[in-house]
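Asks: As a plain string of letters, each chain reads:
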Amino acid sequence: MAILVIAEHDNATLKLDTAKVVACAQAVGSEVDVLVAGHNCSAAADSAKQLAGVRQVLVADSAVYANAIAENLSQLIVSVASEYQYILAAASSVGKDVLPRVAALLDVAQISEVVEVVSEDTFVRPIYAGSAMATVQSLDAIKVMTVRASAFDAVAQDGSASVQTLDNEYSGDVEFVSQTLSESERPDLGAASVVVSGGRAMGSAENFAILEQLADKLGGALGASRAAVDAGYVPNDLQVGQTGKIVAPDLYIAVGISGAIQHLAGMKDSKVIVAINKDPEAPIFQVADYGLEADLFEAVPKLLELI
Amino acid sequence: MKVLVPVKRVVDANVKVRVNADNTNVDTANLKMAINPFCEIAVEEAVRLKEAGIATEIVVASIGPKASQEQLRTAMALGADRGIHVETEEELAPLSIAKILNAIQANEQAQLIMLGKQSIDGDNNQTGQMLAALAGLPQATFASEVKVEGEQLVVTREIDGGLQTLKMPLPAIVTTDLRLNEPRYAKLPNIMKAKRKPLDTVTVDSLGVTLKQHQKVLKVTPPAERQAGIMVASVEELVEKLKNEAKVI
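Residue numbers (our numbering), protein chains in the order written: chain D, 1 to 307; chain U, 1001 to 1249.
Please keep in mind that the hints were generated in silico from the structure rather than gathered at the bench. Since the model is a prediction, treat every value here as computed from it, not as a measurement. Don't be surprised by glycine CBs; every beta carbon is placed ideally from N, CA and C. Hints should not be assumed to be uniformly reliable.
[As the list claims (entries may be wrong)] Simulated pairs of lysine to any residue, SDA-like, Cα-Cα distance not exceeding 25 Å:
1. D:K302 to U:M1231
2. U:K1147 to D:S182
3. U:K1147 to D:K217
4. U:K1167 to D:P280
5. U:K1241 to D:L304
6. U:K1241 to D:Q286
7. U:K1219 to D:I142
8. U:K1243 to D:D153
9. U:K1212 to D:D121
10. U:K1212 to D:T122
11. D:K217 to U:E1240
12. U:K1147 to D:G172
13. U:K1167 to D:S182
14. D:K278 to D:A231
15. U:K1212 to D:V118
16. U:K1219 to D:L304
17. U:K1241 to D:L306
18. U:K1016 to D:E116
19. U:K1167 to D:D10
20. D:K278 to U:M1231
21. U:K1241 to D:P280
22. U:K1032 to U:D1012
23. U:K1195 to U:D1012
24. D:K278 to U:E1236
25. D:K271 to U:M1231
[Unchecked claim] Example chain U residues on the side facing chain D (calculated, C-beta under 10 Å, incomplete):
26. A1052
27. I1054
28. D1121
29. L1134
30. T1156
31. H1214
32. V1235
Sequences are here, hints too, so could you generate the full structure?
Replies: This is how it looks when you write it as structure tokens:
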């Protein structure tokens, strides 16, 4: 049962998601390899070698893989696919972009957002924004899956895998133009143990400053509901929900968020949920461990004072 | 330039679905159905390209039961020119949908194929990428801005942590994200006009596509319910609970 995990990284650092996908892979079988495809990505490859229980790290270091272009990466993955019965990646923007392309090239289906391994061919995944859980049995010889990283605990980093270099360079018609990444000192939304999220009731981009202070005080990340993103209060990459980020931190503080099902889909697996909202009927209170019916502009400054 | 926009009939985004009694699927009987919101954004973007004089024809396609024609009519009321309905009662996996769309594209030879990034029922987020692979076309997923510059397409994509801009030759495949546009409402005269626009119905067999079964859904169950929480009366009580009961701060 050889399993290939596609590493999630930015060349310099390996994302924690990779260690979580490796944990999912190890629930399937023990022969787990990790592919690090990037450019000047030796630091990320070195981290991948340390993931506990990983057999081998495949490294493809080339300018064609610098920006995780789906055409290029999918051809690279297909070129090594015959060695594997499983190909896994995090359900990140890269994994979601690349893996379906790999699956179609291999003429197999993909199972998206796996949250549980039932057996070697059977997996659980949420459907309808998490309103239902589907248990799916794959009939394909190669199982291609994206993994919801937040559903798995990261493996330790005390391993020492061997390294194999891949020289194949695949490229296509797609040209990289530019990339703008939000600069933030805060932890990554998907990896943070505390997430402080704001909704439409924040009222403006400026008002998000108090949530930033709260996030910083708790060493957490900032998130938002779709309504807050659509209103332009915060950038799109902060959106938590069905079609944004799926998070499961130890503590999730929802401020001024009503709790539409699409938002709940992105955070309801958090360990402890706090909701602050002045509408006692807000659906967010139905999933909150601690609900506080209050005006956020009074409650949040007070919270900042007391913690 | 011809634009092909596949659309899916799904349970309306505002309806909460429940698992059926025998745990085989969700119960969709008598629920309000709608065009998948991401597909609607794709239709809107195609219509804007036509209004800008870039697109000349918009073809919408849907694969599903007879009732899917309602969503094709909706898309035509928004501005699409004609519809193709591939009638099937089977619930098909994204790879099968992509194979059918690939056969449609082989006939239509569209320069741009615009799809929603995911449907809000299956939440698979696969079809556009799979179609791109099968058709051998470049892809730009999760688009928040689409510009046609001559024979080239420039797309800004929503990625984890920010935005990425890619450039690729046409024909190409785009999947839409939420921030690409805000779809218009269909006006009554356009809804009436849409009823007279051409709509072809075809079968999977007539397209020459052979499908296989890739997976079985063994069961569909409700998600684990969260334990009901408590309401606290003050910020002081909240902090006390978080410190001493939940021990998370």
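Asks: Hint by hint, note whether the structure agrees.
Replies: Hint-by-hint comparison with the structure:
1. D:K302 to U:M1231: Given pair K302 of chain D, M1231 of chain U holds - Cα atoms ~17 Å apart, limit 25 Å.
2. U:K1147 to D:S182: At roughly 23 Å apart (the allowed maximum being 25 Å), S182 of chain D and K1147 of chain U satisfy the hint.
3. U:K1147 to D:K217: With Cα atoms ~42 Å apart, K1147 of chain U and K217 of chain D exceed 25 Å; violated.
4. U:K1167 to D:P280: 48 Å, violated
5. U:K1241 to D:L304: Status holds; Cα separation ~15 Å.
6. U:K1241 to D:Q286: 18 Å, holds
7. U:K1219 to D:I142: 22 Å, holds
8. U:K1243 to D:D153: Holds, at about 24 Å.
9. U:K1212 to D:D121: The hint holds at about 17 Å.
10. U:K1212 to D:T122: Holds - the C-alpha atoms of T122 of chain D and K1212 of chain U are around 18 Å apart, at most 25 Å.
11. D:K217 to U:E1240: 17 Å, holds
12. U:K1147 to D:G172: Roughly 20 Å between the alpha carbons, so the hint for K1147 of chain U and G172 of chain D holds.
13. U:K1167 to D:S182: It holds: about 21 Å lies between the C-alpha atoms, which stays within 25 Å.
14. D:K278 to D:A231: Holds, at about 20 Å.
15. U:K1212 to D:V118: It holds: about 24 Å lies between the C-alpha atoms, which stays within 25 Å.
16. U:K1219 to D:L304: Violated - the C-alpha atoms of L304 of chain D and K1219 of chain U are around 46 Å apart, more than 25 Å.
17. U:K1241 to D:L306: With Cα atoms ~12 Å apart, K1241 of chain U and L306 of chain D stay inside 25 Å; holds.
18. U:K1016 to D:E116: Roughly 24 Å between the alpha carbons, so the hint for K1016 of chain U and E116 of chain D holds.
19. U:K1167 to D:D10: 21 Å, holds
20. D:K278 to U:M1231: Within the cut-off at roughly 12 Å; holds.
21. U:K1241 to D:P280: Holds. K1241 of chain U to P280 of chain D sits at ~20 Å (cutoff 25 Å).
22. U:K1032 to U:D1012: Between K1032 of chain U and D1012 of chain U the Cα gap is close to 6 Å, so the pair holds against 25 Å.
23. U:K1195 to U:D1012: 22 Å, holds
24. D:K278 to U:E1236: 17 Å, holds
25. D:K271 to U:M1231: 17 Å, holds
26. A1052: With a minimum Cβ separation of about 21 Å from chain D (threshold 10 Å), the hint on A1052 of chain U is violated.
27. I1054: 19 Å, violated
28. D1121: For D1121 of chain U, the interface hint holds, since the closest Cβ of chain D sits about 6 Å away, which is under 10 Å.
29. L1134: Interface hint status for L1134 of chain U: holds (5 Å vs cutoff 10 Å).
30. T1156: Holds, about 9 Å.
31. H1214: 3 Å, holds
32. V1235: Hint on V1235 of chain U: holds, closest Cβ of chain D at ~4 Å, below 10 Å.
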